[in-house]
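Make a model of the complete structure from these sequences and hints.
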Amino acid sequence: MNRCAGEPQEGQVRLAGGPHRCAGRVEVFHAGRWGTVCDDAWDLADAQVSCRQVRCGPALWAPGAAQFGRGSGVIWLDETRCTGSEAHLAECPARAWGRNDCYHGEDAGAVCADSLEPEPPHLRLAGGGHRCQGRVELLHLGRWAGVCGHTWGQPEAQVVCRYLGCGSPVRDTPWGTPEDAPGDTPGDTPGHTPGDTPGQVWLEQVSCKGTESDLKQCRAGPWREHTCAEGGVANVTCSGSVLATPPQVRLADGPHRCAGRVEVSHLGRWGTVCDDSWGFAAAAVVCRYLGCGQVIAAPPRARFGPGAGPVWLDGLTCTGEEGAPSECRHKGWGVHGCEHSEDAGVVCAGSGLADLTHLRLTEGPHRCAGRVQVLHEGRWGGVCALTWATPAADVTCRSLGCGPALRAGQVSVGREELTWVESLRCNGSEGNLLECQVRLWGAPYCPHATVTCGRPGEAPGVTLAPSGESQVCPGEALAPSNATLAPSGAASPRPGEALAPSGVTTTPPGVPPGQAPTHSGVTPAPSGEPLVCPGSTQPQEGQVRLAGGPHRCAGRVEVFHAGRWGTVCDDAWDLADAQVSCRQVRCGPALWAPGAARFGEGAGPIWLDGLRCAGTEAHLAECPARPWGEHTCNHVEDASAICADSGLPAAPQVRLSGAPDRCAGRVEVLHEHLWGTVCDDAWGLRQAQVLCAHLGCGRALEAPGAARYGRGAGPIWLDDVTCAGDEPHLLKCAHRAWGEHNCHHGEDAGVVCAGNSSSGEVRLAAGPHLCAGRVEVLHEGRWGTVCERGWDLRDAQVVCRQLGCGQALEAPGGARFGRGSGQVWLSDLTCAGSERHLGQCPGPTWGNNTCGHGEDAGVVCADALPTPSPAHPSPEPFQVRLAGGPHRCAGRVEVSHLGRWGTVCDDTWDLSAARVTCRHLGCGPALSAPGRARFGPGAGPVWLDQVRCTGEELTLDRCERPGWGQHDCDHGEDAGVVCAGADPPQVRLRGGPGPCAGQVQVLLNHTWLQVCGLTWGLPEAQVLCRQLGCGPALSAPVGPHLPGEPHLAGLTCDGAESQLLECFGEGAGPGPCAGGAAQVRCATPRGAARTCAYLVALLVLMTSLGGALLWLTLRARCVPAHLDAPRAPGAIYLPRRASPGDTEVLRLKDDAP
0 MNRCAGEPQE GQVRLAGGPH RCAGRVEVFH AGRWGTVCDD AWDLADAQVS CRQVRCGPAL
60 WAPGAAQFGR GSGVIWLDET RCTGSEAHLA ECPARAWGRN DCYHGEDAGA VCADSLEPEP
120 PHLRLAGGGH RCQGRVELLH LGRWAGVCGH TWGQPEAQVV CRYLGCGSPV RDTPWGTPED
180 APGDTPGDTP GHTPGDTPGQ VWLEQVSCKG TESDLKQCRA GPWREHTCAE GGVANVTCSG
240 SVLATPPQVR LADGPHRCAG RVEVSHLGRW GTVCDDSWGF AAAAVVCRYL GCGQVIAAPP
300 RARFGPGAGP VWLDGLTCTG EEGAPSECRH KGWGVHGCEH SEDAGVVCAG SGLADLTHLR
360 LTEGPHRCAG RVQVLHEGRW GGVCALTWAT PAADVTCRSL GCGPALRAGQ VSVGREELTW
420 VESLRCNGSE GNLLECQVRL WGAPYCPHAT VTCGRPGEAP GVTLAPSGES QVCPGEALAP
480 SNATLAPSGA ASPRPGEALA PSGVTTTPPG VPPGQAPTHS GVTPAPSGEP LVCPGSTQPQ
540 EGQVRLAGGP HRCAGRVEVF HAGRWGTVCD DAWDLADAQV SCRQVRCGPA LWAPGAARFG
600 EGAGPIWLDG LRCAGTEAHL AECPARPWGE HTCNHVEDAS AICADSGLPA APQVRLSGAP
660 DRCAGRVEVL HEHLWGTVCD DAWGLRQAQV LCAHLGCGRA LEAPGAARYG RGAGPIWLDD
720 VTCAGDEPHL LKCAHRAWGE HNCHHGEDAG VVCAGNSSSG EVRLAAGPHL CAGRVEVLHE
780 GRWGTVCERG WDLRDAQVVC RQLGCGQALE APGGARFGRG SGQVWLSDLT CAGSERHLGQ
840 CPGPTWGNNT CGHGEDAGVV CADALPTPSP AHPSPEPFQV RLAGGPHRCA GRVEVSHLGR
900 WGTVCDDTWD LSAARVTCRH LGCGPALSAP GRARFGPGAG PVWLDQVRCT GEELTLDRCE
960 RPGWGQHDCD HGEDAGVVCA GADPPQVRLR GGPGPCAGQV QVLLNHTWLQ VCGLTWGLPE
1020 AQVLCRQLGC GPALSAPVGP HLPGEPHLAG LTCDGAESQL LECFGEGAGP GPCAGGAAQV
1080 RCATPRGAAR TCAYLVALLV LMTSLGGALL WLTLRARCVP AHLDAPRAPG AIYLPRRASP
1140 GDTEVLRLKD DAP
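Heads up: the sequence shown begins at 0 in numbering that gives the first Met the number 0, then just goes up one per residue.
Since the hints were made in silico from the structure, they are not lab data.
Hints are supplied without guarantee of correctness; some may be wrong.
Stated by the list, open to error - Calculated cross-link-like contacts (lysine to aspartate or glutamate; reagent style EDC-like; alpha-carbon spacing at most 20 Å):
| id | residue 1 | residue 2 |
| --- | --- | --- |
| 1 | Lys-731 | Glu-429 |
| 2 | Lys-731 | Asp-719 |
| 3 | Lys-215 | Asp-1053 |
| 4 | Lys-731 | Asp-791 |
| 5 | Lys-330 | Asp-967 |
| 6 | Lys-330 | Glu-739 |
| 7 | Lys-330 | Asp-969 |
| 8 | Lys-330 | Asp-252 |
| 9 | Lys-208 | Asp-1053 |
For clarity, every value in this text was computed on a predicted model and none was experimentally measured.
Set out below in structure tokens:
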């Protein structure tokens, strides 16, 4: 089947929600639908592929956390792990389509270099001395001219200020300027174009609602050049011009005035901005305010160093249209919960930093070796070598699509040579030089940096080597003997990232026998003997290989079984299992046993799960494990091994003790062959995040101190540990000397990580309802019980919260709900009550107890109680309603608590929460989740805030949220919901030339209504065209009424809605109308089928002609001549049963009386 030219293709990518087609939220087309990409593992390499696919130049930034707004619909991709060289995002390793653990608040974005190209302006303010003040001028037919001011007012000025990013109009300025006013002569007009006449205007009778995004969307008279008869020329003063002097904002400690730490002035003091809620829109306001062009990046976490003085602003939320950061919403001057390690930063296009993506290597033997040069202001210049080192060389090689840096050197150059970059300091993990610490442009005379990178897809190697020399199979990357390893401090890969640079070729798992898999199961040959490489012989049953790594002795563990290569799950994976793997591939002892797909996700089957090697086995298949192919994992949990012969440094040994789950417990580190603890001084979530990432345990949830997981023994090795949060492991963080501290074991630090396995799932069995019964937990794919020893209400509270069952009322023991079966998994738990699951509570390891099933613990939670009795009244039922909307299934969300109705704040409010609300009300599927008091501000308390639902909860109060009444909102942020309802309104177009044009009609309460034209305009038309699947709205005319048909009045949209149903405000409904009937003309979508009316008419005509010809033929051949005589009017032929011998007898019957 041929596709239409305009139809998206499978795997196509677009950037949505941004200021330019080359900057925005990454969306990918799959299975006929557009969907988003989760920001888990999202980095510059992924953004590079996205930018390449949309043909927007190199990637500059890879923001996450929905920096360009939350998408809708399905989240197609999660944990993408591109090398940066792929042609399409769909080629990158990732989880299966649609499989993720994300919500749209984690949508990934990309900023590409071509987004910095300014779009041609067509609206400006001239003659005012500031870009946000002056005469309104429009560019038409290549000439600038004004707008008549006699109908000009606040709504029109609001549109201009918003379009220019100048804030809001200043109300006390006159809208009209006399045509002979000072400054209206060409010589007085900054930027005046020859041939333009200040007194001339293009438009008059401009009328806006104030919600339009561009003056072109407002109603106006025809375009024609003339002079205004009255009112003068329209002029505007926006708040951006008033706030410009004295400067309120500066960027400090950056390489240029247009890049650095954001600092704002208040009460005569400069202070910083906290990175909470800091994003692209706020950064755009700063860049525009400073005259620094478009925003490139909005880096958090004190990227340009911690500031000093007060933290003035926190929770800064901008639309991107404000004239200065002070016009954005925030918590209040000086109100914050931050420290200077969270200072926000900005990189604007005016800094020139984007030029660091334009690199080349010259004067070398091939394209991946030579002198490093940067293109700036149209000229190539070098990089000063005084701070040049291997980490920076690695980033350079990676940016150029070459292999790893083999040598970082320098060369003397003539004094006439340009030196653009004065200093360059990287840690080696950056995606491009833009992320490094730099000083530019221009530098005193110095030697220039050079680099030799490995060629892409090439690695030195032979199959036969003299005695004593290294032997390598073709395609393996082995560092040459003279290569210098990265100095201490260079970053190791994070969990899930491949150590292999983009230039190293690896073969994906599942390679058929007879082909040469890379880095797999190679048997080193004795000295002087040929090396036997994979592919030369058939893989054997149980054979192991390490894939996806930089060396055959480091990578993802894969095992050959039943004729196929498959992976190993990281549940229970530890150093003993890695030891067996390293022994089997003859790579020396194991140094590290990372999980969480450290070397990328594999493919094909997951062969082994729950391995319990002693470490002495000869083969992995000899270790106790679940049956082949039986598991509860996915490839994000693939296990890996790093062996001594890989030449990679051993990871520091860290473990968590004192809890059943391997991703929660007391932090212990190994030093001088002794395990010791870490003091909780300065211990926090940043330190916990480094540790969780290092252990492959997901994100950090808590960083408890005060020996939450019990007092340790032995030395206290570390104190005052301070991390930035992006270190590869804990020992890369700053800390006091080993063993130097002022603590005791009552201050031992702990950590709670999210984890990555199914351990911790819970259910209640054999109870009277879903929220009461015997506690059973899932571990290693098997359900087991919990022992009553130490069991109390705090432990029960963890279970009730995990199940969404409210408060714990009882914690019975003694097998109250019957004896369970199988393993008794947990015992002697001492939960705080805040843990996410029982495995995170302090207690012995899984299965380490002497309990029997007569001691099985149970729980009774508050929700879903049986019929209440007077002695045990039921808790208050959760109630919700929708107010201020057109009907009961659309409106402002209000919930009842303590006998009072209150609202819900729109922070984190999304379609999943709306889905829960609509289901609870019996209103069908959710269509949208508008915020910002779309249905009017409520009254009374704001009961709920930060509501995070999966969409499967029964009621809103079961979603993750703070306590009742805990919020930082006002009623201007009230959340709303639009549900389809049991009988949702429908729309149609009548009387038009095609399916995308005509009079607008809405079906409401089983009646088709005309839409009143009084409030009809392009925003409403745009929503309707989108709902009908047509192209953009071309016009929104108002025509005559159809006689006898009722009207729908009060319909108002802002243009962003997905359906007209969302435009039903309070007061909308059937009613009188004196403004004509709404019509619309939408663009016909490319590839849409044209009307078939003419084909139907042609078919009817041909059928009629064919029928006539057939009748004439039959009459001539089959009707006897004596019947071909005139007959009475109304006579018809009726057949009768033929008598024997009759040939053809027809009786004529007259229907006349």
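Hints versus structure:
1. Simply put, Lys-731 and Glu-429 have alpha-carbon atoms about 17 Å apart, close enough for the 20 Å limit, and the pair holds.
2. Simply put, Lys-731 and Asp-719 have alpha-carbon atoms about 13 Å apart, close enough for the 20 Å limit, and the pair holds.
3. For the proposed pair Lys-215 and Asp-1053, the alpha carbon gap of about 15 Å is at most 20 Å, so the pair holds.
4. In summary, the hint linking Lys-731 to Asp-791 is not supported, as the alpha carbons are separated by about 40 Å, beyond the 20 Å threshold.
5. Using a Cα cut-off of 20 Å, the hinted pair Lys-330 and Asp-967 holds, with the two alpha carbons roughly 8 Å apart.
6. A threshold of 20 Å between alpha carbons decides the hint, and for Lys-330 with Glu-739 the separation of about 41 Å lies outside it, so the pair is violated.
7. With a C-alpha separation of about 11 Å, the suggested pair Lys-330 and Asp-969 falls inside the 20 Å cut-off, and the hint holds.
8. For a cut-off of 20 Å, the pair hint linking Lys-330 to Asp-252 is broken: about 26 Å separates their Cα positions.
9. Restraint check: the Cα-Cα separation between Lys-208 and Asp-1053 comes to about 10 Å, which is no more than 20 Å; the hinted pair holds.
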